[in-house]
Amino acid sequence: EADIYQTPRYLVIGTGKKITLECSQTMGHDKMYWYQQDPGMELHLIHYSYGVNSTEKGDLSSESTVSRIRTEHFPLTLESARPSHTSQYLCASSEPMNTEAFFGQGTRLTVV
Amino acid sequence: AQSVTQPDIHITVSEGASLELRCNYSYGATPYLFWYVQSPGQGLQLLLKYFSGDTLVQGIKGFEAEFKRSQSSFNLRKPSVHWSDAAEYFCAVGHAGNMLTFGGGTRLMVKP
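Taken in sequence, the protein lines are chains D and R. Those letters in the first sequence? Residues 1 to 112, per the numbering used here, in order. Those letters in the second sequence? Residues 1 to 112, per the numbering used here, in order.
To be clear, the hints were calculated from the coordinates, so they are not data collected in a lab. Do not rely on the hints blindly, as some may be mistaken.
Within a straight-line C-alpha distance of at most 20 angstroms, the following computed SDA-like cross-link-like pairs (lysine to any residue) qualify [said to hold, decoys possible]: (1) D/K57 - R/A1; (2) R/K49 - D/E100; (3) R/K111 - D/K57.
Just chain D, with the same shape it has in the complex (with noise of 0.2 angstroms):
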């Protein structure tokens, strides 16, 4: 059974305010992954990490930022939210070697 957490589960808050998605999981993965997600639209890989102290820019380019000081914790951040950050975002991760991917209930962003 995966365990992958994301907090909030909803969020609407107003345009300019500072926001933290968190995500944790307790699998030990080093990989972790956050996707951006509009409704019944594809996913979009905006960060990722290999693990602690590592985190990239994925496909879509976006104004949220992440961090990695702990292995089970992956929050992202926007540092000035606006109404184009409305979305889901998904958090997810892997074992190394195994792409299999495990995601996280998501968090859906409502920025007014």
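We have chain D already, so just place chain R on it with the hints.
Here is chain R on its own, set in the frame of chain D:
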């Protein structure tokens, strides 16, 4: 570069009818192939995966998929669809140590 195409954006089937969702991939070697399902507002759940060996793989919830190297396809099938199968389905391709590339998804609707 690896890529995944799901030609059908929407599919509607009647409850009890059979289902086939198409997936075509582009990859330089034999890839790892996956099917994920996403219910509304949720994360992605793995249905099944193919790494090697028998080209017909069985998954959860009565789903199966067949890897056809000559057609670069990995189509998902179910003999009899249930109303609870209505969801978004994503095909993905990857390889050991590499990240997954997802298709655009197919939204399945089930008529009573």
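Within 20 angstroms, alpha carbon to alpha carbon, are D/K57 and R/A1? Roughly 17 angstroms separates the two Cα atoms, so the pair holds.
Given the proposed pairing of R/K49 with D/E100, does the C-alpha separation stay at or below 20 angstroms? Distance ~8 angstroms between R/K49 and D/E100 Cα, so the pair holds.
Hint check: R/K111 vs D/K57, CA-CA at most 20 angstroms. Holds or violated? violated, 41 angstroms
In the structure shown, a violation is registered for the earlier hint numbered 3 alone.
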